[in-house]
Amino acid sequence: MKKIILFFIAISLFGCKKNSEINHNSISDESIFNLTSKWKTQDNKTIEIKDFKGKVTVMVMIYTSCKAACPRLVADMRDIESKMPKDKLSEINFVLVSIDPEVDTPERLKSFAKANFMDAPHWTFLQGTKTTVQEFANVLAVKYKQIAPMDFSHSNIISVFDKEGILIHQQEGLGVNNKETVNKIIETVNE
1 MKKIILFFIA ISLFGCKKNS EINHNSISDE SIFNLTSKWK TQDNKTIEIK DFKGKVTVMV
61 MIYTSCKAAC PRLVADMRDI ESKMPKDKLS EINFVLVSID PEVDTPERLK SFAKANFMDA
121 PHWTFLQGTK TTVQEFANVL AVKYKQIAPM DFSHSNIISV FDKEGILIHQ QEGLGVNNKE
181 TVNKIIETVN E
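Counting from 1, position 31 in the sequence shown corresponds to residue 31 in my numbering; the numbering is continuous, with no gaps.
By construction, these hints were calculated from the structure, which means they are not laboratory data.
These numbers come from a predicted model, not from an experiment.
Ideal Cβ placement from N, Cα and C applies to all residues, glycine included.
Any given hint could turn out to be false.
[What the hints assert, rightly or not] Here are the simulated DSS-like pairs of lysine-lysine, each with C-alpha atoms no more than 27 Å apart in a straight line:
#1 K179 with K67
#2 K40 with K179
#3 K88 with K143
#4 K67 with K40
#5 K67 with K88
#6 K163 with K110
#7 K184 with K55
[As the list claims (entries may be wrong)] Across the chosen pairs, the derived CB separations fall in these ranges:
#8 L89 with I147: 31 to 37 Å
#9 K145 with K88: 32 to 38 Å
#10 N190 with S111: 20 to 26 Å
#11 S28 with V103: 32 to 38 Å
#12 F117 with M150: 31 to 37 Å
#13 R72 with T129: 34 to 40 Å
Hey, can you work out the whole structure from these sequences and the hints?
This is the structure in structure tokens:
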């Protein structure tokens with residue numbers, strides 16, 4: 001009888017271990033890591049959004065031929081990066097998603113990254129398809145519309161996600177005070 005009881009205890013302990021592993025690796029319903037779309041990086045590498053898991057991710061949607069808002073958004077992203085502790089940069093993803101996938105090829109994104117001093121390993125530029133970009137914009141609550149062959153009207157939002165892909169903060173506007181955004185990123189990296 002003792003052997004049977006020990007057998008059931010062993011099975012239940014093994015079962016608990018398996019369940020905790022499953023829960024540990026599961027993704028919240030609110031996580032952007034549930035998106036299964038494929039993207040090309042500036043290095044022409046195919047990735048999914050879930051490849052950013054495990055680091056705090058700061059994202060913005062831009063397009064490289066933009067002459068109005070995007071240069072300011074790029075400057076805002078660089079300003080946020082400059083305020084991060086240097087020893088924490090390897091724990092943060094800075095991601096720029098193009099809303100113009102037809103023009104913004106991986107080669108063009110790579111050239112843009114270099115020209116804007118955004119070619120360190122913690123910077124990623126993404127090219128999707130029209131469909132994946134629309135889906136992603138909806139997730140981020142970014143509105144955009146093509147208003148001319150090479151011109152888009154779009155929201156100016158920088159989004160911050162925790163290590164599990166949960167949206168924790170959004171900064172809206174151009175050249176705004178980013179103290180709250182910076183503090184939220186540092187606080188989340190240190191969790």
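Here is how each hint holds up against the structure:
1. For the hint linking K179 to K67, the alpha-carbon distance of about 26 Å falls within 27 Å, and the restraint holds.
2. Taking the CA atoms of K40 and K179, the gap is about 31 Å. The hint is violated against a cut of 27 Å.
3. Proposed proximity of K88 and K143 is contradicted: the alpha carbons are some 31 Å apart, above 27 Å.
4. Between K67 and K40 the CA atoms are separated by roughly 23 Å; this keeps the pair inside 27 Å, and the hint holds.
5. Proximity of K67 to K88 is assessed by CA-CA distance (about 32 Å); at most 27 Å being required, the pair is judged violated.
6. For a cut-off of 27 Å, the pair hint linking K163 to K110 stands: about 25 Å separates their Cα positions.
7. Our distance criterion of 27 Å between C-alpha atoms is met by K184 and K55, whose separation comes to about 14 Å.
8. Evaluation of the 31 to 37 Å hint for L89 and I147 yields a pass: the beta carbon distance comes to about 36 Å.
9. Evaluation of the 32 to 38 Å hint for K145 and K88 yields a pass: the beta carbon distance comes to about 36 Å.
10. Our hint of 20 to 26 Å for N190 and S111 is violated, since their Cβ atoms are close to 35 Å apart.
11. Under the hint 32 to 38 Å, the C-beta atoms of S28 and V103, about 34 Å apart, fit the expected range.
12. At about 24 Å, the CB distance of F117 to M150 disagrees with the hint of 31 to 37 Å.
13. For the pair R72 and T129, the supplied restraint of 34 to 40 Å is violated, since their beta-carbon distance comes to about 27 Å.
In summary, the structure is inconsistent with hints 2, 3, 5, 10, 12, 13 from the numbered list given earlier, while agreeing with the others.
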